[in-house]
Amino acid sequence: MAFPALLLSLPGCTDIGSLAGAATGAASGTGSANPALGYAVGIGTKAAVDALIRHIARSRRRAEQDQIVAAVGTLPVGQSTPWRIRHAIPIGDAHGDVTVVRDIPNPLAPCKEVVFTVLAGDRPDSRRGYYATTACRHGSQWKWALAEPATPRWGVLQ
Amino acid sequence: MRALAPLVAICGLLLSGCSSLLTQTGAAGAGVAGASLAGAVTKDPAVTAGIGLGVNAAASAAVKAIEKRVHRTEQDSIAAAAGPLAIGETARWSSGHYKVSVEANQHGELTVSRLIRAGNLDCKEIVFSVDSVVKHKPDRAFYTTIICRDGATWKWATAEPATERWGPLQ
Numbered sequence: 002m003a004f005p006a007l008l009l010s011l012p013g014c015t016d017i018g019s020l021a022g023a024a025t026g027a028a029s030g031t032g033s034a035n036p037a038l039g040y041a042v043g044i045g046t047k048a049a050v051d052a053l054i055r056h057i058a059r060s061r062r063r064a065e066q067d068q069i070v071a072a073v074g075t076l077p078v079g080q081s082t083p084w085r086i087r088h089a090i091p092i093g094d095a096h097g098d099v100t101v102v103r104d105i106p107n108p109l110a111p112c113k114e115v116v117f118t119v120l121a122g123d124r125p126d127s128r129r130g131y132y133a134t135t136a137c138r139h140g141s142q143w144k145w146a147l148a149e150p151a152t153p154r155w156g157v158l159q
Numbered sequence: 003m004r005a006l007a008p009l010v011a012i013c014g015l016l017l018s019g020c021s022s023l024l025t026q027t028g029a030a031g032a033g034v035a036g037a038s039l040a041g042a043v044t045k046d047p048a049v050t051a052g053i054g055l056g057v058n059a060a061a062s063a064a065v066k067a068i069e070k071r072v073h074r075t076e077q078d079s080i081a082a083a084a085g086p087l088a089i090g091e092t093a094r095w096s097s098g099h100y101k102v103s104v105e106a107n108q109h110g111e112l113t114v115s116r117l118i119r120a121g122n123l124d125c126k127e128i129v130f131s132v133d134s135v136v137k138h139k140p141d142r143a144f145y146t147t148i149i150c151r152d153g154a155t156w157k158w159a160t161a162e163p164a165t166e167r168w169g170p171l172q
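Protein chains in written order, with my numbering: chain Y, 2 to 159; chain D, 3 to 172.
Simulated from the structure, these hints should not be mistaken for lab results.
For each residue, glycine too, the CB sits at the ideal point set by N, CA and C.
Any given hint might turn out to be false.
Pairwise CB distance ranges (calculated) [what the hints assert, rightly or not]:
hint, chain 1, residue 1, chain 2, residue 2, range
1, D, D152, Y, A133, 46 to 56 Å
2, D, E162, Y, G74, 20 to 30 Å
3, Y, I90, D, T155, 40 to 50 Å
4, D, I89, Y, Q80, 23 to 33 Å
5, Y, L158, D, E91, 28 to 38 Å
6, D, N107, Y, D67, 20 to 30 Å
7, Y, D67, D, R71, 25 to 35 Å
8, D, I118, Y, L20, 21 to 31 Å
One chain only, chain Y, in its complex shape (with noise of 0.2 Å):
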């Protein structure tokens, strides 16, 4: 139904649950006579549909994450190599190089902090920003390890 322009519109899609929810809502009550069975379908329609893309944004930004530190593994400190990310729709396609700064010796499990940069496009215009985390190896594969900030720092992120 709305799954296209869904994605189309990702990011900045926060309010197609709304969207969705209002229609739903609308064609309902006009359905019924029932205003509360209305707002009950119009509410229930928004929690499924905000639960949904709230599972497609977090899975595509897994994936930039997960390519971003892939080739981290294998680099010394003070080596960078370049990452990219092409998502099946090619929107919020990103790329950028990945720098080593710094070990993390520790007895539990091989962990790196490296600077990563964002180019948004290959215009020299393109929005560009520099990053840092953490990764550290899990499995045969390497991992964002950067935790959650603390809960008085949550605010608006919630």
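Using the hints provided, position chain D relative to the given structure of chain Y.
Just chain D now, kept in the frame of chain Y:
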């Protein structure tokens, strides 16, 4: 809030992956209950929807507050376990939630990888594992964070990501 109680109880049984369900259905369910109640006493659809939306928003905020409080205890458990350790020493941690909670009980091992000291500041970089069983095999995911000493207690100190990197977090 009353409408949330059974959901919280059910979630305690279902545990992992429950929080999104709880946020979504808890708020929606409370909103629907609110709207149904309002629909029973008023024939005005605008008033009904208004009351439903208001209850929905309040329930959503309540669920988020519960999740945050529960998660704070997990962060505190990890920070407390790592606080006394020197570099390279390891210890076990467990989130120690109540039996019925919106989050699963987590446990793992942790170690200190770096001391971060400047003036009065006393902080540590730690690596911790979250141990679980995936497809009948033990699985360990590793994460890093920073903790700082605030008086006698150690607290989680990692700040939020740059707003440009929030993406689907919000």
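Unmet hints by their number, sorted upward, for this structure: Numbers 1, 8 - these are the hints that the structure violates, sorted from lowest upward.
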